[in-house]
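Asker: Sequence:
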Amino acid sequence: MTTIRLTAAQAMVKYLSVQMTEEGEPFLGGVWAIFGHGNVAGIGEALHAERDAITTYRGHNEQTMCHAAIAYAKQSGRRRAMAVTSSIGPGATNMVTAAALAHVNRLPLLLIPGDVFANRGPDPVLQQVEDFSDGTVSVNDCFRPVTRYFDRIMRPEQLLTALPRAFRTMTDPAECGPVCLAFCQDVQAEAHDWPESFFEPKIWRIRRPYPDPVELAGVVDLLKAAEKPVIVAGGGVHYSGATEALKAFVEKHRIPVVESQAGKSALAWDHPMNLGPVGVTGSSSANVTCAEADLVLGVGTRFQDFTTGSWNLFKNPKRRLVSLNVAAYDAMKRGAEPLCCDAEVGLEMLSEALGETRFAEPDPALKTEWFAAVDPLTARPEGNELPTDQQVIGAVQRASGPNTVVMCAAGTMPGELHKLWKAPRPGAYHMEYGYSCMGYEIAGAIGIKMAEPDRDVVCMLGDGSYMMANSELATAVMLGLKITVVLTDNRGFGCINRLQMSAGGAEFNNLLDHTERAQASNIDFAAHAASMGAAAVHVASIAELESALERAKDAAGPFVVVIDTDPYPSSEPGGHWWDVAVPEVSEREEVLEARKAYEEQVKMRAGG
0 MTTIRLTAAQ
10 AMVKYLSVQM
20 TEEGEPFLGG
30 VWAIFGHGNV
40 AGIGEALHAE
50 RDAITTYRGH
60 NEQTMCHAAI
70 AYAKQSGRRR
80 AMAVTSSIGP
90 GATNMVTAAA
100 LAHVNRLPLL
110 LIPGDVFANR
120 GPDPVLQQVE
130 DFSDGTVSVN
140 DCFRPVTRYF
150 DRIMRPEQLL
160 TALPRAFRTM
170 TDPAECGPVC
180 LAFCQDVQAE
190 AHDWPESFFE
200 PKIWRIRRPY
210 PDPVELAGVV
220 DLLKAAEKPV
230 IVAGGGVHYS
240 GATEALKAFV
250 EKHRIPVVES
260 QAGKSALAWD
270 HPMNLGPVGV
280 TGSSSANVTC
290 AEADLVLGVG
300 TRFQDFTTGS
310 WNLFKNPKRR
320 LVSLNVAAYD
330 AMKRGAEPLC
340 CDAEVGLEML
350 SEALGETRFA
360 EPDPALKTEW
370 FAAVDPLTAR
380 PEGNELPTDQ
390 QVIGAVQRAS
400 GPNTVVMCAA
410 GTMPGELHKL
420 WKAPRPGAYH
430 MEYGYSCMGY
440 EIAGAIGIKM
450 AEPDRDVVCM
460 LGDGSYMMAN
470 SELATAVMLG
480 LKITVVLTDN
490 RGFGCINRLQ
500 MSAGGAEFNN
510 LLDHTERAQA
520 SNIDFAAHAA
530 SMGAAAVHVA
540 SIAELESALE
550 RAKDAAGPFV
560 VVIDTDPYPS
570 SEPGGHWWDV
580 AVPEVSEREE
590 VLEARKAYEE
600 QVKMRAGG
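Each residue of the sequence shown is one higher than the one before, starting from 0 at the first, in numbering that gives the first Met the number 0.
Treat the hints with caution; some may be incorrect.
[Unchecked claim] List of simulated lysine-lysine pairs, DSSO-like, C-alpha gap at most 30 angstroms:
1. K602 / K227
2. K201 / K223
3. K223 / K317
4. K421 / K251
5. K201 / K13
6. K201 / K251
7. K332 / K201
8. K481 / K227
9. K332 / K317
10. K246 / K317
11. K13 / K317
12. K602 / K332
13. K421 / K246
14. K251 / K317
15. K201 / K227
16. K201 / K317
17. K246 / K223
18. K332 / K223
19. K421 / K481
20. K421 / K552
21. K317 / K227
22. K223 / K251
23. K481 / K595
The set of hints was computed from the structure by calculation and includes no laboratory data.
Work the whole structure out from these sequences, hints included.
Answerer: Right, here's the structure in full:
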């Protein structure tokens, strides 16, 4: 056997650089790195040596570097990913939140935090957390519950099995998620004689599991017996590349589609079978259809509470739930009849088995009435009042084109965008709402632009999320990435303030004016963005916003538009009740009244 002598870190990087997709591209689009104690000497030197084979990118925060990598994987349809490396201490734990985000959303991410010395010679080393009862523990054990595969590399030769397992996990359609390879820093520097065959290019094919024949037959029977079925399209439609299969299926069998946050844009917004967003942030057209359906077919959705309105939507006593999902865990949720398979394959085989079965077309008045209710919310305001988030969305929509990707993550905008944004084609809507992670937006926009350089990326975020994680704006400037950031300043956490009020609570500690302070907050967001090198402007009206968005199209790099907005309005049409527990006991009458309303909703959900 021919061998090559390399350090463990050099071997890892060399291996990473030759893992390929079916399309002949490197599976990893690069490595994000902040070097520190635990990874600078070993991994840092190895990345430098292979810099022509795999690009290393420098960010400003470990969590947001992971966010960029996650967005890259999501926009790539899970067919490509990125790696992120950190030091052994705070750098590693900074990545834990991002690992949870990737875990919740079933997205590939390779995490390589440095770890303590395997030989324990300098124990405790700098940044080492000592466990008084377990000498094997380091902070990297925090990754165990939020990764799909965890390994601690304590011998160089362990990479021979750990690395293939890591890539197997990231490319497995059912178990896809983040991987953590905690890399002991002394081991990174140790040399080993590696088989040359270990570094031969390898193609990772993402399989398409076929359904079990018995499950398929059972679901076909259920569909044929249904009178008013509906499809809930989730993120799995995108990850499977099943948007065309979904379109063909619904056009042939006339089954309407509603979309989760992750599934939005699976069908064009104006397709007659697309009844819009579902759930708490959904449309009346979608939610009414779901409430009346006698069969709900979930395709690539994990059926989480918020998406489906705390399950109040599916109260038809005759309703049957079917879940077409590549993951058995998701296919069995809520007592669903499972159809465990790839979304594209499953839809095609279902269609073939259904033959010419067709259902009554949905009432077109449902969509007409929905848009009649919400379109005025996004129109240009007539007066000089403070703009609403809905009016901001309208301005961005009017400035967008077929190549635009609108993206967001947390706060007011995700709910409003789910309701109001008109996505013209698949991939035009990118939302991180499974974990609702504030601070994802700017870094996520970077990842989207890196995944699809030709797309027009518009990042929408509030002032609260911007304040949590804005440093990667400097990275976007440094990399010359053209993204447009629309920052709505409602002076605090407006979304949670409204939720607090709806639960009977006093306005407290959410808007900046309702916090403990010595003086009023006065943040110049445009000046702050400009200080990091971005082109930035503060606008005073929707008309000025529209003018700025036109100028943004000619910008060479990041262009930030800041606009003050009203923190109180939200889109009243559509939506559905969300189970947010209200206190049973309070000195405030408003809370007690909200509790009564809450108990009524719980009773309704239980069928009382």
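Asker: Kindly indicate which numbered hints from before are broken by the structure, ordering the numbers from low to high.
Answerer: Violated hints: 2, 6, 7, 8, 11, 15, 16 and 23; rest satisfied.
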